[in-house]
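> Please construct the entire structure, taking both the sequences and the accompanying hints into account.
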Amino acid sequence: MTQVPPQKIYNTVITNSMVATERLEIFMPEKKKLALIIHSGTIDKLLCAFTLGSTAAAMDMEVHLYFTFWGLNMLKKGAMEKAGLPATYRQHEEMLKTKLKEMNYPTPYEMLKRMKASGNVKIYACSPTMEMFGVTRETLIPEVDQIAGAAAFLDIAADADITLLI
Amino acid sequence: MTQVPPQKIYNTVITNSMVATERLEIFMPEKKKLALIIHSGTIDKLLCAFTLGSTAAAMDMEVHLYFTFWGLNMLKKGAMEKAGLPATYRQHEEMLKTKLKEMNYPTPYEMLKRMKASGNVKIYACSPTMEMFGVTRETLIPEVDQIAGAAAFLDIAADADITLLI
Amino acid sequence: MTQVPPQKIYNTVITNSMVATERLEIFMPEKKKLALIIHSGTIDKLLCAFTLGSTAAAMDMEVHLYFTFWGLNMLKKGAMEKAGLPATYRQHEEMLKTKLKEMNYPTPYEMLKRMKASGNVKIYACSPTMEMFGVTRETLIPEVDQIAGAAAFLDIAADADITLLI
Numbered sequence: 010m011t012q013v014p015p016q017k018i019y020n021t022v023i024t025n026s027m028v029a030t031e032r033l034e035i036f037m038p039e040k041k042k043l044a045l046i047i048h049s050g051t052i053d054k055l056l057c058a059f060t061l062g063s064t065a066a067a068m069d070m071e072v073h074l075y076f077t078f079w080g081l082n083m084l085k086k087g088a089m090e091k092a093g094l095p096a097t098y099r100q101h102e103e104m105l106k107t108k109l110k111e112m113n114y115p116t117p118y119e120m121l122k123r124m125k126a127s128g129n130v131k132i133y134a135c136s137p138t139m140e141m142f143g144v145t146r147e148t149l150i151p152e153v154d155q156i157a158g159a160a161a162f163l164d165i166a167a168d169a170d171i172t173l174l175i
Numbered sequence: 010m011t012q013v014p015p016q017k018i019y020n021t022v023i024t025n026s027m028v029a030t031e032r033l034e035i036f037m038p039e040k041k042k043l044a045l046i047i048h049s050g051t052i053d054k055l056l057c058a059f060t061l062g063s064t065a066a067a068m069d070m071e072v073h074l075y076f077t078f079w080g081l082n083m084l085k086k087g088a089m090e091k092a093g094l095p096a097t098y099r100q101h102e103e104m105l106k107t108k109l110k111e112m113n114y115p116t117p118y119e120m121l122k123r124m125k126a127s128g129n130v131k132i133y134a135c136s137p138t139m140e141m142f143g144v145t146r147e148t149l150i151p152e153v154d155q156i157a158g159a160a161a162f163l164d165i166a167a168d169a170d171i172t173l174l175i
Numbered sequence: 010m011t012q013v014p015p016q017k018i019y020n021t022v023i024t025n026s027m028v029a030t031e032r033l034e035i036f037m038p039e040k041k042k043l044a045l046i047i048h049s050g051t052i053d054k055l056l057c058a059f060t061l062g063s064t065a066a067a068m069d070m071e072v073h074l075y076f077t078f079w080g081l082n083m084l085k086k087g088a089m090e091k092a093g094l095p096a097t098y099r100q101h102e103e104m105l106k107t108k109l110k111e112m113n114y115p116t117p118y119e120m121l122k123r124m125k126a127s128g129n130v131k132i133y134a135c136s137p138t139m140e141m142f143g144v145t146r147e148t149l150i151p152e153v154d155q156i157a158g159a160a161a162f163l164d165i166a167a168d169a170d171i172t173l174l175i
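Chains as they are written, first to last, in the numbering used here: chain A, 10 to 175; chain B, 10 to 175; chain C, 10 to 175.
Worth double-checking, as some hints may not be accurate.
If several chains are the same, the list does not tell them apart, and a pair holds so long as it fits within one copy or across any two.
As the list claims (entries may be wrong) - Okay, derived cross-link-like pairs now, DSS-like style, lysine-lysine, Cα gap no bigger than 30 Å in a straight line: (1) 131 - 85; (2) 91 - 108; (3) 106 - 122; (4) 85 - 108; (5) 131 - 41.
Since the hints were derived computationally from the structure, they do not count as laboratory data.
Here you go:
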């Protein structure tokens with residue numbers, strides 16, 4: 010099926026009804042939107058989340074990454090570099106890290122910085138988690154765009170095309 | 010963009026096509042809908058799920074919580090009170106529980122009861138899991154609305170604005 | 010509300026605008042679509058993912074299962090048969106496996122094969138994970154339809170009705 014540029018559709022529909030056009034913009038956003046909650050703080054989950062985020066940003070999707078709980082703790086300066094594997098798989102940690110280096114796979118923090126450079130990615134830090142773990146804004150990496158509660162994320166997610174929790 | 014009340018849109022569109030109007034109602038539900046599968050039974054995941062659920066209910070969204078596997082086991086009377094952290098983070102359990110008390114953060118069960126009181130939340134218990142773990146209805150907390158299989162959840166989720174698994 | 014067959018809507022709308030009709034097909038697919046990322050490789054998560062997938066396929070939904078990380082490792086021949094519980098719950102493994110046998114619950118691999126037989130299910134293996142773990146196509150079960158990167162999954166998920174990560 011041919012992809013029709015949104016503007017063309019609006020014009021066509023305007024001839025029928027102005028009101029309908031206003032609504033159609035909601036159903037035909039110019040960019041697809043991905044909203045991820047990152048609850049985990051282990052490297053297997055961060056790599057998955059950031060591969061999805063980077064790829065979506067490269068596809069010119071709008072990407073929203075909301076970090077909560079163990080994920081929020083990974084936004085502290087220097088934390089991502091120390092991310093390991095969960096208890097279930099800890100015996101594979103050394104092997105995996107060696108392999109990632111051999112592949113020249115970017116580290117999670119490098120992935121996050123590159124994603125941000127695309128201009129398509131927003132990073133949110135969960136405010137209740139910050140209080141729970143005594144984390145202050147100054148200790149977070151500068152790539153964080155906004156400190157926000159669950160309501161901000163739900164607002165974004167309700168209009169997203171893909172919502173995932175990791 | 011101005012939010013147009015749904016009724017006004019229906020009227021306008023009716024002048025063009027009755028059939029189209031009937032479909033539009035599907036795309037413009039009065040309430041946004043959140044559908045969560047709660048597979049986990051640890052306190053870090055329950056707090057995340059219930060913070061999302063409570064916030065969504067407070068935003069007047071329709072909230073559907075489907076408890077399965079370890080999550081289902083948390084619907085047993087007295088179980089949520091004993092929820093701990095996963096093996097990976099077990100050493101932080103004491104610290105976290107102390108901090109939550111200091112913050113007067115509601116317990117998972119308190120959050121669930123308050124959510125239910127909003128009238129926007131439905132709780133489902135996964136029937137195959139109940140058989141797997143030999144759990145009977147009588148042993149579940151009274152807040153459970155329905156014992157249901159995966160088909161019931163998929164039906165709800167297919168029309169939800171946000172679907173997440175935790 | 011009466012369900013209107015898509016073709017009828019297209020016809021009606023065609024009289025107003027050919028362009029609008031082309032777009033409407035996206036919003037009214039004939040089949041509902043479920044897109045799952047399977048990141049986990051433990052039996053509690055596989056059973057959940059495959060119960061959702063099997064049920065959706067039986068409901069005549071289109072099901073897309075994208076296996077990554079520990080999930081990808083479960084696509085290796087003979088791997089699913091050895092899947093266990095995560096560290097947090099390892100002490101329940103024996104009990105659960107005994108119970109599943111008593112219930113004649115199908116094994117994860119049996120579930121996957123039956124799902125595939127419905128014709129509604131597609132299985133994807135994550136290519137970067139394959140490189141990371143040195144997994145080759147020949148070592149994967151024959152039910153895998155496609156080796157694909159994150160972009161392929163995001164394309165599918167962006168049009169899905171339900172997207173979940175497990």
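> Are the hints correct? Go through all of them and say.
Okay, the hints, checked on the actual structure:
Proximity of residue 131 and residue 85 under a CA criterion of 30 Å is satisfied intra-copy only: 16 Å inside one chain copy versus 36 Å between copies. For the identical chains of this complex, residue 91 and residue 108 are neighbours both inside a copy (16 Å) and across copies (24 Å), given an alpha-carbon limit of 30 Å. Taking the shortest Cα distances, residue 106 and residue 122 sit within 30 Å of each other inside one copy (20 Å), while across copies they are farther apart (34 Å). Taking identical chains as interchangeable, the C-alpha atoms of residue 85 and residue 108 lie at most 30 Å apart whether they share a chain (25 Å) or sit on different chains (19 Å).
For a Cα distance limit of 30 Å, the shortest separation of residue 131 from residue 41 qualifies both inside one copy, at 14 Å, and across copies, at 23 Å.
Going down the numbered hints, you'll see the structure goes against none, and every one checks out.
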